[in-house]
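Colleague: The chain contents come next:
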Amino acid sequence: MNYKFLPLIPVILLALSLLYLFWLNSTTGLKLDIDLKGGTQIIAESSTDVSVKELENVLKSYEPSIRTSRGLDTYTVFIAFDASIDSDKVLNTLKENGYTFKEYSIQTVGSAIGKAFFEQATIALAFAFLFMIITTFLIFKKFILAIRVIISAFADIIECLVLSQIVGITLSLATFAALLLLIGYSVDDDVMLTTRVTKGTGDLNERIKRARKTAFTMVGATIVALMSLYIITESVVIDQIASIMLFGLVFDLINTWMFNAPILRWYVEKGWFAQSGFK
Amino acid sequence: MNANFLKGLLKQWRILLVLILVALSIIYIIPSSQKGVVVKSINSDSPLSGKVNIGDSITWANEKDINSPEDLDQFKNFSGVFRFIHSGKLGLAYIENGYLGISVAKKPFSNLEFGLDLTGGTRVLLKPKENTSDATMQQALATLETRINIFGLKEAKFQPVKDVSGNNYIQIEMAGGSKEEIEDLLSKQGKFEGKVERIISIKNDTGSLKLGGNSYSVSVENDTVIINGIPLRENQTSKINETNFKIFNITENNVVIMLDVFTGSDIQSVCLQNQPGICTSSIIKSGNGYEFNFQVFITEESAQRFANVTNDMEVVVEPNTGYKYLDGRIYLYLDEKLITSLSISSDLKGKAYTTPAITGYRQTRDEALKEQLMLKSILQSGSLPVGLEIIRSDQISPVLGGEFLRDALLSVLIAYTAVATVLYLRYRNFKILIPNMLWSFFELFLTLGAAALIHWTIDLSSIAGIIAAIGSGTNDQIMMIDEILIGGGEEEKKIYTLKQRLKRSFFILFGSAAVVIASVLPMFFVGIGVMKGFAVTTLLGVLIGIGITRPAFAIVAEKVLSKEEKV
Numbered sequence: 021m022n023y024k025f026l027p028l029i030p031v032i033l034l035a036l037s038l039l040y041l042f043w044l045n046s047t048t049g050l051k052l053d054i055d056l057k058g059g060t061q062i063i064a065e066s067s068t069d070v071s072v073k074e075l076e077n078v079l080k081s082y083e084p085s086i087r088t089s090r091g092l093d094t095y096t097v098f099i100a101f102d103a104s105i106d107s108d109k110v111l112n113t114l115k116e117n118g119y120t121f122k123e124y125s126i127q128t129v130g131s132a133i134g135k136a137f138f139e140q141a142t143i144a145l146a147f148a149f150l151f152m153i154i155t156t157f158l159i160f161k162k163f164i165l166a167i168r169v170i171i172s173a174f175a176d177i178i179e180c181l182v183l184s185q186i187v188g189i190t191l192s193l194a195t196f197a198a199l200l201l202l203i204g205y206s207v208d209d210d211v212m213l214t215t216r217v218t219k220g221t222g223d224l225n226e227r228i229k230r231a232r233k234t235a236f237t238m239v240g241a242t243i244v245a246l247m248s249l250y251i252i253t254e255s256v257v258i259d260q261i262a263s264i265m266l267f268g269l270v271f272d273l274i275n276t277w278m279f280n281a282p283i284l285r286w287y288v289e290k291g292w293f294a295q296s297g298f299k
Numbered sequence: 007m008n009a010n011f012l013k014g015l016l017k018q019w020r021i022l023l024v025l026i027l028v029a030l031s032i033i034y035i036i037p038s039s040q041k042g043v044v045v046k047s048i049n050s051d052s053p054l055s056g057k058v059n060i061g062d063s064i065t066w067a068n069e070k071d072i073n074s075p076e077d078l079d080q081f082k083n084f085s086g087v088f089r090f091i092h093s094g095k096l097g098l099a100y101i102e103n104g105y106l107g108i109s110v111a112k113k114p115f116s117n118l119e120f121g122l123d124l125t126g127g128t129r130v131l132l133k134p135k136e137n138t139s140d141a142t143m144q145q146a147l148a149t150l151e152t153r154i155n156i157f158g159l160k161e162a163k164f165q166p167v168k169d170v171s172g173n174n175y176i177q178i179e180m181a182g183g184s185k186e187e188i189e190d191l192l193s194k195q196g197k198f199e200g201k202v203e204r205i206i207s208i209k210n211d212t213g214s215l216k217l218g219g220n221s222y223s224v225s226v227e228n229d230t231v232i233i234n235g236i237p238l239r240e241n242q243t244s245k246i247n248e249t250n251f252k253i254f255n256i257t258e259n260n261v262v263i264m265l266d267v268f269t270g271s272d273i274q275s276v277c278l279q280n281q282p283g284i285c286t287s288s289i290i291k292s293g294n295g296y297e298f299n300f301q302v303f304i305t306e307e308s309a310q311r312f313a314n315v316t317n318d319m320e321v322v323v324e325p326n327t328g329y330k331y332l333d334g335r336i337y338l339y340l341d342e343k344l345i346t347s348l349s350i351s352s353d354l355k356g357k358a359y360t361t362p363a364i365t366g367y368r369q370t371r372d373e374a375l376k377e378q379l380m381l382k383s384i385l386q387s388g389s390l391p392v393g394l395e396i397i398r399s400d401q402i403s404p405v406l407g408g409e410f411l412r413d414a415l416l417s418v419l420i421a422y423t424a425v426a427t428v429l430y431l432r433y434r435n436f437k438i439l440i441p442n443m444l445w446s447f448f449e450l451f452l453t454l455g456a457a458a459l460i461h462w463t464i465d466l467s468s469i470a471g472i473i474a475a476i477g478s479g480t481n482d483q484i485m486m487i488d489e490i491l492i493g494g495g496e497e498e499k500k501i502y503t504l505k506q507r508l509k510r511s512f513f514i515l516f517g518s519a520a521v522v523i524a525s526v527l528p529m530f531f532v533g534i535g536v537m538k539g540f541a542v543t544t545l546l547g548v549l550i551g552i553g554i555t556r557p558a559f560a561i562v563a564e565k566v567l568s569k570e571e572k573v
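Keeping their order, the protein sequence lines are chains C and D.
Residue numbers for the first sequence, in this note's numbering: 21 to 299.
Residue numbers for the second sequence, in this note's numbering: 7 to 573.
Any given hint might turn out to be false.
For lysine-lysine, the following DSBU-like pairs were computed, each having C-alpha atoms within a straight-line distance of at most 30 Å [claimed, not checked]:
hint: 1; chain 1: C; residue 1: K229; chain 2: D; residue 2: K437
hint: 2; chain 1: C; residue 1: K219; chain 2: D; residue 2: K168
hint: 3; chain 1: C; residue 1: K122; chain 2: D; residue 2: K46
hint: 4; chain 1: C; residue 1: K135; chain 2: D; residue 2: K437
hint: 5; chain 1: D; residue 1: K46; chain 2: D; residue 2: K57
hint: 6; chain 1: D; residue 1: K163; chain 2: C; residue 2: K109
hint: 7; chain 1: D; residue 1: K185; chain 2: D; residue 2: K343
hint: 8; chain 1: D; residue 1: K194; chain 2: D; residue 2: K113
hint: 9; chain 1: C; residue 1: K51; chain 2: C; residue 2: K73
hint: 10; chain 1: D; residue 1: K82; chain 2: D; residue 2: K509
hint: 11; chain 1: D; residue 1: K168; chain 2: C; residue 2: K135
hint: 12; chain 1: C; residue 1: K135; chain 2: D; residue 2: K216
hint: 13; chain 1: C; residue 1: K24; chain 2: C; residue 2: K233
hint: 14; chain 1: D; residue 1: K355; chain 2: C; residue 2: K109
hint: 15; chain 1: C; residue 1: K162; chain 2: C; residue 2: K24
hint: 16; chain 1: C; residue 1: K135; chain 2: D; residue 2: K509
What the hints contain is simulated information worked out from the structure, not anything from laboratory work.
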């Protein structure tokens, strides 16, 4: 296949993701964590597996949303409900029905403060993106070189957000932090690829291939590290950050090597690069 | 790798710098001496108050080594001079019946401070119910602190916080406790009393008390004092000249009584903020320190009572300053606990002012402000100047927090192993793998050391940031190794020297570090610092990486790999 058609795949992926996001926004809206929408969450530890269905039945009157996660040697149950409900009542109902959790944490967030945090996080994301655009232009100096890196970082974030919403990872302060970090990580291999290709000599194909080898080693190392974090810890913060980064890195591979690299190659082959005197 | 090769590496200052800083970090994070106990809280009436600070470590007291909180129990019944070494300095205090008035804890294993989500506890965020000025928020904070000191909940940390939009909040963190306890604290209001002390001289078991223009006879018989014909013992109360009083102390030479002058309902208002023409509240530099001053508005009735009680008091002149004051002080109580006392200026003797000013003097501006705020909150019966509501609360089980920390450490170790496996599969060379992994550990210790140095509290988001920084460090190292090994292929190796290729890789490193820094910075301003830890540790890690460890790694990689190439 002609490499010039490769960018179609990431472009279609981005278009579909944007469509899904608009659809989601106009229907139910983004799924938010209690961090950002307000509510109460009980995080309880259990030594045995707990059936989500049974729990939902027991706590029906509180309209909770319940999920469980399995750790190394324990199970963790997350019970979220409206902030107006007294958490002691929920704990009592659990107790009356034979659920006794030795250890639990309770988090309550008022809806107003949640909303304020959400606004702040959105603004922070916008600023991070803006800073990234400025830094990218400073590094690459050439419009086409910079803009394709910016587009692929944008695609990374949108696609990552869409996938996390589909698999049920809610947007929280931690996932926002991971999205910010993703901006940094996604530009990483673009800088490497572009520098190797534009500042190197020799066969162009070879240069891209070598850069890809390096990038895949980098991503491979990061992915196994994130997997260990995700599997072992039961902390919501670390789990959310790890899973968002995992998704993000996979999308970054697609966007960098199917979108960025072909455009760069085309750019260099056209001889624009040599004319620009970038070297 | 032979000994000469290692020696050669150690001659490089960048590598030496990394090794020295790593060693210093480890020493700083894990101090060898675990001796002593750490002061966690100090009561306002503690004999050690003003002599030790929270966070000081006490290592020795009256010839005994102190290594655990239980070691202080041996002074349970001790009265006398208490000599102690705190943070290396000797301190003296006079204690009675073993009352130290401080709480202490065993010295922690490391200098790292861990956040609430790892140690367990309660954190609440309070928001004023209406728009408030900074001064009112400061007063609310001081009032909460006063209440905590009186009602318990000692190990609470208060912090005023502001979000990007300029809204004020108060954050309370407690090691133990629950949301309910804080709700209690918010709803509680104390009972304020102001009492004036009168000292009656006794000669040959008799004396007299002048009050409101009248003279009353006083005589002492053993542990009983007879005032105006009424026999009373210490702590008994009675009424004289329409004023309630309590016998405070009886000795051979004098009798001290406390006369009730003010209660909470007598204080109509306290000047919180200076408003010219309305009320005054100020702190000004005076001599070597700072003088604070604020006005209080009291009822006519209580002003008259004060005039009555002070009318017949003696004027004493302070020999050093020439300052004239009355021979008895005014004592301020909240919920029957003595909080503080003030001397009464001789100008006020027998005067019924309804707008008296309270002044005081402290060495530093901060101390003066703190004292002023504390006095204001007592005079307002510890009532809050503005309604506060809990808008966010986190109650974290210490067991779950501890498990998070354990899991995080374990997962970092496993992540290291996993990364090492990937690197080995790619390079099949231990000479590349070992420095790579070693440098990742160096970065971990340096980042933790820097965090400890700036007293950054390590919470879960900080751990995530450290991992992110080390991850990007490993990526950079892979890039540098590849630049050396396969850089631009055979042709390029002829054109560019190894040094030139490494230089090019630094362009990439700085570029990507700049983007990471730029993208993480805005996190500082989100959610009142909930994710600040993430931003701080990521930044620390990235800066340490490009400033200290990466240049050193370049030298090692260059030496190891150029040797490889020759072989």
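Colleague: Each hint: holds or not?
Modeller: Quick rundown of the hints versus the structure:
1. C:K229 / D:K437: 25 Å, holds
2. C:K219 / D:K168: 47 Å, violated
3. C:K122 / D:K46: This hinted pair holds, its Cα atoms lying about 28 Å apart.
4. C:K135 / D:K437: Since the Cα atoms of C:K135 and D:K437 sit roughly 52 Å apart, the hinted pair is violated (cutoff 30 Å).
5. D:K46 / D:K57: Holds - the C-alpha atoms of D:K57 and D:K46 are around 14 Å apart, at most 30 Å.
6. D:K163 / C:K109: This hinted pair holds, its Cα atoms lying about 29 Å apart.
7. D:K185 / D:K343: Holds, at roughly 26 Å.
8. D:K194 / D:K113: Violated - the C-alpha atoms of D:K113 and D:K194 are around 34 Å apart, more than 30 Å.
9. C:K51 / C:K73: 21 Å, holds
10. D:K82 / D:K509: Answer violated: D:K82 to D:K509 is near 67 Å, above 30 Å.
11. D:K168 / C:K135: The hint holds at about 16 Å.
12. C:K135 / D:K216: With Cα atoms ~66 Å apart, C:K135 and D:K216 exceed 30 Å; violated.
13. C:K24 / C:K233: With Cα atoms ~21 Å apart, C:K24 and C:K233 stay inside 30 Å; holds.
14. D:K355 / C:K109: 59 Å, violated
15. C:K162 / C:K24: Holds: C:K162 and C:K24 sit about 21 Å apart, inside 30 Å.
16. C:K135 / D:K509: Given pair C:K135, D:K509 is violated - Cα atoms ~47 Å apart, limit 30 Å.
The earlier numbered hints that this structure contradicts are 2, 4, 8, 10, 12, 14 and 16.
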